Amino acid sequence: MTIDLLTQPVGVSHYLVVGAVLFVSGAVAMATKRNAIGVLMGIELVLNGANLNFVAFGSSYLRGGSQGGVGLDGQLIAMFVIVLAAAEAAVALAIALNFYNNHATVDVDQGDELKG
Amino acid sequence: METAAINWHSFFFLLFALVACTFAVAMLLSSNIVRMAFYLVISLGAVSGLFFLAGADFVGALQLMIYVGGTVVVLIFGVMLTARAPFLRMRTGVAQWALAAIVGGCLLAVLLQAALSVDEWAPPSMVGENPPVSNTYTAAPLGLGVLGVRVDQLDEEDATLRNGMSGYLLPFEIVSIHLLVVLIGAAYLARTKRRPKEPTGDRQETVEPMISSGK
Amino acid sequence: MAEYLASYFDSQWHWVAYALVGLVQAGLLLALILTGAAVFIWMERKIAGRIQDRLGPSRVGGRFGWLQSLADGIKLIAKEDIVPAAADGLLFRIAPYISFMAAFSVFLAIPLADGWVALRMNVAVFFILAVAGLEVLGVVLAGYASGSKWSLFGAMREAAQVVSYEVPLGLCVVVPVMVVGSMDLVEIGRAQSGWFWQWLIFHDPFTFITFWVFFTCALASVNRLPFDMPEAESELVAGFMTEYSGFRWSVFFMAEYTSMFAVSCLAAILFFGGWNGPIPLATMIGLTPDNGALTEWLGNLLGMMNLIAKGFFGVTVMIWTRWSLPRLRIDQVLTTCLKYCIPLAAAMFLGAMLWLYAFPGGVVSRFVQTSPVGGTPTPVAVVDGKGGV
Amino acid sequence: MVLQPVDPALVEFDVLTDEMLVNMGPQHPSTHGVLRLVLRTDGEIVSEVRPHVGYLHRCAEKIGENVSPRQWIPYTDRMDYLAGMNMNLGWALTVEKLLGQDVSEKASTIRVLMAELGRIASHLVAAGTYGLDLGSFTPFMYCFREREKILDLYEWVCGARLTYSYITVGGVMADLPPGWLEKCEQFLDEFEPVIAELHAVLTNNAIFIRRCAGIGVLTAAMALDYGCTGPVLRASAVDWDLRRDGESRYTDLYKDYQYDVIAPTAEGRYPHGENYPPVPAEAVVGDSWHRFFVRMLEVVQSMRILRQAIARYRLLSGPVGEPVKLLQKLPVGEAYLETEAPKGQMGFMVIGNGTAIPWRARARSSCYCHLSVLPELCRGSMVADVPAVVGSLDIVLGEVDR
Chain L
15 MTIDLLTQPV GVSHYLVVGA VLFVSGAVAM ATKRNAIGVL MGIELVLNGA
65 NLNFVAFGSS YLRGGSQGGV GLDGQLIAMF VIVLAAAEAA VALAIALNFY
115 NNHATVDVDQ GDELKG
Chain S
27 METAAINWHS FFFLLFALVA CTFAVAMLLS SNIVRMAFYL VISLGAVSGL
77 FFLAGADFVG ALQLMIYVGG TVVVLIFGVM LTARAPFLRM RTGVAQWALA
127 AIVGGCLLAV LLQAALSVDE WAPPSMVGEN PPVSNTYTAA PLGLGVLGVR
177 VDQLDEEDAT LRNGMSGYLL PFEIVSIHLL VVLIGAAYLA RTKRRPKEPT
227 GDRQETVEPM ISSGK
Chain V
20 MAEYLASYFD SQWHWVAYAL VGLVQAGLLL ALILTGAAVF IWMERKIAGR
70 IQDRLGPSRV GGRFGWLQSL ADGIKLIAKE DIVPAAADGL LFRIAPYISF
120 MAAFSVFLAI PLADGWVALR MNVAVFFILA VAGLEVLGVV LAGYASGSKW
170 SLFGAMREAA QVVSYEVPLG LCVVVPVMVV GSMDLVEIGR AQSGWFWQWL
220 IFHDPFTFIT FWVFFTCALA SVNRLPFDMP EAESELVAGF MTEYSGFRWS
270 VFFMAEYTSM FAVSCLAAIL FFGGWNGPIP LATMIGLTPD NGALTEWLGN
320 LLGMMNLIAK GFFGVTVMIW TRWSLPRLRI DQVLTTCLKY CIPLAAAMFL
370 GAMLWLYAFP GGVVSRFVQT SPVGGTPTPV AVVDGKGGV
Chain G
67 MVLQPVDPAL VEFDVLTDEM LVNMGPQHPS THGVLRLVLR TDGEIVSEVR
117 PHVGYLHRCA EKIGENVSPR QWIPYTDRMD YLAGMNMNLG WALTVEKLLG
167 QDVSEKASTI RVLMAELGRI ASHLVAAGTY GLDLGSFTPF MYCFREREKI
217 LDLYEWVCGA RLTYSYITVG GVMADLPPGW LEKCEQFLDE FEPVIAELHA
267 VLTNNAIFIR RCAGIGVLTA AMALDYGCTG PVLRASAVDW DLRRDGESRY
317 TDLYKDYQYD VIAPTAEGRY PHGENYPPVP AEAVVGDSWH RFFVRMLEVV
367 QSMRILRQAI ARYRLLSGPV GEPVKLLQKL PVGEAYLETE APKGQMGFMV
417 IGNGTAIPWR ARARSSCYCH LSVLPELCRG SMVADVPAVV GSLDIVLGEV
467 DR
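Chains as they are written, first to last, in the working numbering: chain L, 15 to 130; chain S, 27 to 241; chain V, 20 to 408; chain G, 67 to 468.
Just so you know, these hints were derived from the structure itself, not from any lab. Please note that the accuracy of each hint is not assured.
[Stated by the list, open to error] Here are the computed distance ranges between Cβ atoms for each label pair:
| id | chain 1 | residue 1 | chain 2 | residue 2 | range |
| --- | --- | --- | --- | --- | --- |
| 1 | V | I101 | S | R217 | 23 to 29 Å |
| 2 | G | P343 | V | I101 | 45 to 51 Å |
| 3 | G | E214 | V | R112 | 39 to 45 Å |
| 4 | G | A347 | V | I101 | 37 to 43 Å |
| 5 | G | A266 | V | W85 | 29 to 35 Å |
| 6 | V | V43 | S | V144 | 38 to 44 Å |
| 7 | V | L51 | S | S143 | 45 to 51 Å |
[As the list claims (entries may be wrong)] Derived coverage of chain V by chain G (criterion: at least 3 residues anywhere in the stretch with Cβ under 8 Å from a Cβ of chain G; other residues may be distant):
| id | segment |
| --- | --- |
| 8 | 61–74 |
| 9 | 201–214 |
| 10 | 309–320 |
Remember, predicted model here, so these are calculated numbers, not experimental data. C-beta: ideal position from N, C-alpha, C; glycine also.
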């Protein structure tokens, strides 16, 4: 199957595989990184994996020219995601900075005041 | 396979895909925050290459501009502001890594299975020996799509269905207002309050936050 | 060319042909840019010399010191490549190439003449802005990876400055895009063919002012005086380049000159007619596609000369500015952006929009003249054809 | 690790950043030599500046206690190496005061010529390097082009371009060569239009004004407290010039010349201000812009004095006089004299003990005092303002460290 993927013309599945790898990398990064900014980067990666899927589903080109899938909505949603992610990064960064102001570190494991 | 056609499209797809995946994993494994940012940039850049290959030029350029150009610079900015030691490292425990690896592996398995199991998503039998360089107009349809005119739905016979795609103008505006509020909030949040340092010993330390009286 | 080459290969090896052709084209572009950078460095030194009442380089290569850049280059390559002990080796080594790559990639989408473009994109303007913005990454990484405080200062300044100036730059670029109705630089160039009063800078008063805002922001985004905050040599030693030496330093240098040329070319295409000269000389003497492939080629060659001459002129103005003005302070640079450039650019955007609304005749005729080019129906044409809009 | 309660006394900053200690110098393009400034910065804002001096210390004063006054003349050249003639003059006058010796009128006139040329040369360096500090390279070349002409004149007189040892105890080493005065007049004629040029590229340049007007404001009281002198003091609206207000042994040199002491009024107006470029609205008396402007105007006054001195020299005849013997015995006693050097008041002290070698030789440098006011001026400014302030104080490290 893998060999097939390498030699076949590129289709939606190819993009989905790449998207899956990015998504999982991002998700694991979110789980393992202790640095708040590292977690943020994980989120970016997850969003990108999802974006890749949207674009792939929306691309008529990857379907051999036939219409179908989500059409332009794929690109439109990708656009929304990118713009929102940029704003989200700014907000998350502000939170990280504030966290840093209060804790003098960006280690998220230190933010445990609310723990019983 | 008899149609083992690695055409140029496949070639560049494989190249970009490899770069994107490699650096995504590298970012995951790196413990140096600046290198992580750097790997993330390369990964995102390669993803934008994938967008171009999928015929989504506008989204690809948007990705380069906003994601790679903007977001990551902001990230690096944050890194520099918050890194006390020049090259900050924070180690994650082995147990946590193991757990994450197991969960991540399972997730990947499920996703791959999903990606490869639907026939409709499988590679088209024939893209053509030499797919043309994509020079379709992507910006205009997207703009029209936001306004509710869907050029890709024109084949739809049912006009109500065609126009039923009422566009994204309202959501777009709502989101942009929302983002404005959020960004102002972020700017406020990032400000900090601090006490001017007490004079300590011989050092004169009355820090004036003003820059200077001149223009 | 690629298709021609590919026809010699089996179908499964077509990608090799594409890769080869891609490499050749990239090599040609690189040659153009590196030669350009060498010439610009020589020009800068010569012009600076003349402005400062001295000769500038005068010995290497016989007269005028025209081989000075080559001599400098050889010297720089021969110098030791020092990586400071406190540096992050990988990032330190790779940063200059990121900057150069970004500056270089801009030329992928710049049409040197009608249709002479490495990668024709329908979102070329947007792509160029996006790619040019990547240069900041190399600088930021260099500043951070150097492990030097001066470098870090430079990197912080660069990040703040370039991110700020991208906003007015984008707003300024939107104005010609709006006037022409396309983000394709080839379309924008074609829309300005004819006499020089067809140039977009003379289209209306708003585009005229937009150009000056654009030029100011371009100066800031390529870090030239009076906006050369990241390397401000009298404050930050050499800013992000402090720890660099030898070849890597020269790569940064080339990136700077390349991006200067890139924004000049972009300005030329967006506002000064691109490859169209002030008088339609090529059309007058019959160097048009109608008269055959050779005349088309010659006409395009003339157009390329035109564009490069305009780019050179832009670079010359930048050099002239650099050697005439003192440097602003970083807060003043940001104030200039936020207080003057952005409102001005936004006002010009609105003004140009109203102008187009008030005097639609000119722009409509231009649009009809230049809209769908080539045989393939575009989605826009589909919309028009079906009367969907 | 705990959240701090809101306190009205807290100051709001943009973003919390780490404080950095940054070494500016001793190898830095804009510290004018080997000055080392330790900056404590918070982002771009400087909270503290500490000058560290001593990198150019050459024990000149100690050497002065082991050589005769005339032998020490070359060491004074190396104090303010941008205006060596003025240093020579200060030391020569001080020793003459101890010896009670007068010099011929011709030698005095030559001394005025040399001292004012030196003032122009020094102020040209100050103006040029100030442009350089603010990122403008071209005025620097213009200034040095003019300075070269002065150095040519000096070379013709004494054979040296930097360390002259020309003015010496008891007079000058030699009379002016024939044709020198014409050359000097030619220089003055050529230099006059250049000043307007410099005003155009620096003084009146909008960016230049934004960079230095209102930056590093030194109030008159602070200037007096810190012992600032020379153009730095005058720019703070203190009308004080030793050529007019100093000791008679020094002021006698200048008493017959017409010139203005350049100092703004407390409102920032200059004498005969209508002849000069307007003072920008942003400028505050005592800021970097005024310090720069005072020097530019002093150059004009020096040119006035030079023209008068040339006319005066033409009327004089007779020999220029011999300097004192190389190993002239000094009387028991001490003498201290301050002269108006281009950078500020340059005081020399000599204590004789009956031998040819002074018991004590001492120099009081204005730049040292100017350097001490630097932390006050730079506190709370931005990193880019530090070179702007250092440059406007016009420090020369050879004089600070001696």
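key: Ascending list of hint numbers which this structure does not respect   = Failing hints, ascending: 1, 4, 9 and 10.
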